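Student: Note that the protein sequences, when read in sequence, are chains A and B. So in numbering that gives the first Met the number 0, spot 11 of the first sequence is number 10, and the numbers just go up one at a time. So in numbering that gives the first Met the number 0, spot 220 of the second sequence is number 219, and the numbers just go up one at a time.
If you are wondering where the hints come from, they were derived from the structure by calculation, not from laboratory data. Source: prediction; values computed, not measured. Just so you know, even glycine gets a beta-carbon here, dropped at the ideal spot from N, CA and C. Possibly wrong hints are sitting among the right ones.
[Claimed, not checked] Counterexamples of contact, computed for chain A against chain B with all Cβ distances above 10 Å:
(1) V19
(2) C22
(3) A41
(4) D85
(5) V112
(6) V147
(7) G153
(8) R163
(9) T229
(10) D231
(11) S232
(12) L233
(13) L237
[As the list claims (entries may be wrong)] Listed below are the simulated SDA-like cross-link pairs for lysine to any residue, each with C-alpha atoms no more than 20 Å apart in a straight line:
(14) B/K103 to A/K82
(15) B/K103 to A/L162
(16) A/K82 to B/L49
(17) B/K130 to A/Q164
(18) A/K82 to B/E69
(19) A/K82 to B/G11
(20) A/K82 to B/E70
(21) B/K130 to B/D60
(22) B/K103 to A/T157
(23) B/K103 to A/Q164
(24) B/K22 to B/D203
(25) B/K22 to B/D54
(26) B/K103 to A/Q160
(27) A/K82 to B/I50
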Amino acid sequence: MNERHGAPWLAPLCWGILLVGGCLLMRFLEAPLRLVEPDSRAVVFERVDLLTLLGRHLLVVSVAALLSVVVGVVAAIAVTREKGRDFLPLVAQVASMGQTFPPVAVLALAVPVLGFGTVPIIVALMLYGLLPVVRNTLAGIEGIDPAVREAARGMGMTSRQILRQVELPLASPVIVAGIRTSVTINIATAALGATVGASNLGEPIIAGIVNGNTAYIVQGAVLIALLALTVDSLFGWLAPGHTG
Amino acid sequence: MIELIGVSKRFGDSLAVNNISLKVASGEFCCLVGTSGCGKSTTLRMINRLIEHSDGEIHIDQQPIRSFREEVLRRRIGYAIQSTGLFPHWTVARNIGLVPRLLKWSQAAVDARVEELMALLRLDMAEFAGKYPHQLSGGQAQRVGVARALAADPDILLMDEPFGALDPITRENLQLELRDLQARLGKTIVFVTHDMDEALRLADHLVVMHEGQVVQQGHPLELLREPANEFVTSLLGGEDRGLKEAALLPVSERMVPLGVGGVARDRIVQTASLRDALSMMLWRRVERLAVVDDEDIPIGELSFRRLVGARGHE
Ligand SMILES: Nc1ncnc2c1ncn2[C@@H]1O[C@H](COP(=O)(O)OP(=O)(O)OP(=O)(O)O)[C@@H](O)[C@H]1O
Ligand SMILES: [Mg+2]
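Using the sequences plus the hints, can you model the full thing?
Tutor: Structure, rendered in structure tokens:
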């Protein structure tokens, strides 16, 4: 529907190549990294293979995203049904408020309950990522022209048919935009996981902070940014016309 | 047949529809008119249970509507609204085929029906079948909405200002087509409109509503000639009543069959309305018109005196 310029798959491809290339070739970039951090002994983060960290980062974000999409979409659908209507204001309010809650705080609260490691970061990311999904799914469904819903009912569609054939397709661009926001934010937020012992691309950053090694921080930050750009442009390619 | 017996609808504390009784016989064209907010749409939507009535009973073909499953009831009742409610993500053809598909017709049968309906509503298949609603003009969208309502060939049609967004010419064409369709296929239609000329032109049974109640109902001529109160009089056009009545009567009603004497020069077809005849007299500045049949053969004469229904000889 919307105009697209050039090859739409070009952007994700380029960012993806830069990302994987960055992981593989970081150790050959000793010279430029040395410029950033002239004093340290090592400037290339080598404790864990960067590609492995990328894989773990992706895994954590994907699991969290999957959970928040399932839970968020289901919750939003539930409160827009006739039976769940009573909970709509509550859920809408929590969804809009929740975004202002800092993820560090979620993490800090999750650790005492769930312990160290990957689980608390997945929980924190899921909760944090839930909000854009819920908010956008609500907006998408509530934003449908009431006449369309009235016609759908008037023609004799069942509630299930209306949901599947009318509401979800019409709301999907907005829902996907919410998922896009959620995932993109969480790629950056996942780095915090390294502070509670989850190993991912946040690890070089935390190591850099702890050891006062700016070069480490730069490596982690650049790779995370590239990952975010890759995933965001993937969304742009697969679901064009809507930005988070 | 649709029958409403002492039906009311409460929204919270307010009574939107107050104890109305109404009978629409099979094959009858019923128009609901009244000022804005008087409960016309509510009445209509209670019939297909988009709104549940609070009191009274509604029957379709002697069966209480609550004895049907909602979806089953609605699939056998066509429904068209002013804002069309076409699905924006579906093509015109898919929109029209909705109810037949819900009724699990075969794809071939759905396709054939869509084609038939598009022809009926003068929507060029090649041009419009693949278009999306946002690519249609208001009038085209309304025709698609009417086509969708007719798709599964329902006996009953509920229409809420379905021609609201149309220019007068398209509107009149569609009115004539709907009227024709209803006469040919014996549809029972309940039609809400704000346009009194439309109501008078279409209705066999005219229902005037005011503040949730039926003020008067009956044949349009009956209401014109014997309005129950001031409200009905003014709603039906006040000073314009004479013209509105004339619009409902054919020339053949008042003409004198061809006898002796010369035939007038200006001709009018016998099925035209007395209003058209009056207009022609005013325009041509004549007092006599030759009345002709469909083949343009003179069959009578209409004088101004006869037209206005003056008694006594000329
Ligand atoms: N869902 C609803 N909830 C509360 N009140 C309603 C609802 N639907 C209609 N009403 C009220 O019921 C009354 C009748 O409304 P209705 O839509 O039937 O009017 P109408 O005759 O169709 O008017 P119009 O000619 O403007 O379309 C109005 O006062 C309206 O505010
Ligand atoms: Mg209305």
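Student: A separate judgement is required for each hint: does it hold in the structure or not?
Tutor: To see whether the hints hold, each was checked on the structure:
1. V19: holds, 37 Å
2. C22: Consistent with the label, A/C22 stays out of reach of chain B, its closest Cβ about 41 Å off (over 10 Å).
3. A41: Non-interface label stands for A/A41: nearest chain B Cβ at 56 Å, farther than 10 Å.
4. D85: Fine: 17 Å to the nearest Cβ keeps A/D85 off the interface.
5. V112: At roughly 43 Å from the nearest Cβ of chain B, A/V112 sits farther out than 10 Å, so the non-interface label holds.
6. V147: Answer for A/V147: violated, closest chain B Cβ roughly 5 Å.
7. G153: Given a closest Cβ separation of 4 Å, the condition is violated.
8. R163: Given that every Cβ of chain B is farther than 10 Å from that of A/R163, nearest at about 12 Å, it holds.
9. T229: holds, 29 Å
10. D231: holds, 25 Å
11. S232: About 25 Å separates A/S232 from the closest Cβ of chain B, which puts it past 10 Å; holds.
12. L233: holds, 23 Å
13. L237: holds, 18 Å
14. B/K103 to A/K82: violated, 29 Å
15. B/K103 to A/L162: Roughly 19 Å separates the two Cα atoms, so the pair holds.
16. A/K82 to B/L49: holds, 17 Å
17. B/K130 to A/Q164: It holds: about 18 Å lies between the C-alpha atoms, which stays within 20 Å.
18. A/K82 to B/E69: holds, 17 Å
19. A/K82 to B/G11: holds, 19 Å
20. A/K82 to B/E70: holds, 18 Å
21. B/K130 to B/D60: violated, 38 Å
22. B/K103 to A/T157: At roughly 14 Å apart (the allowed maximum being 20 Å), A/T157 and B/K103 satisfy the hint.
23. B/K103 to A/Q164: Satisfied, since the Cα-Cα distance of roughly 15 Å is no more than 20 Å.
24. B/K22 to B/D203: holds, 12 Å
25. B/K22 to B/D54: holds, 17 Å
26. B/K103 to A/Q160: holds, 13 Å
27. A/K82 to B/I50: holds, 17 Å
Hint compliance for this structure: hints 6, 7, 14, 21 are broken, all remaining hints hold.
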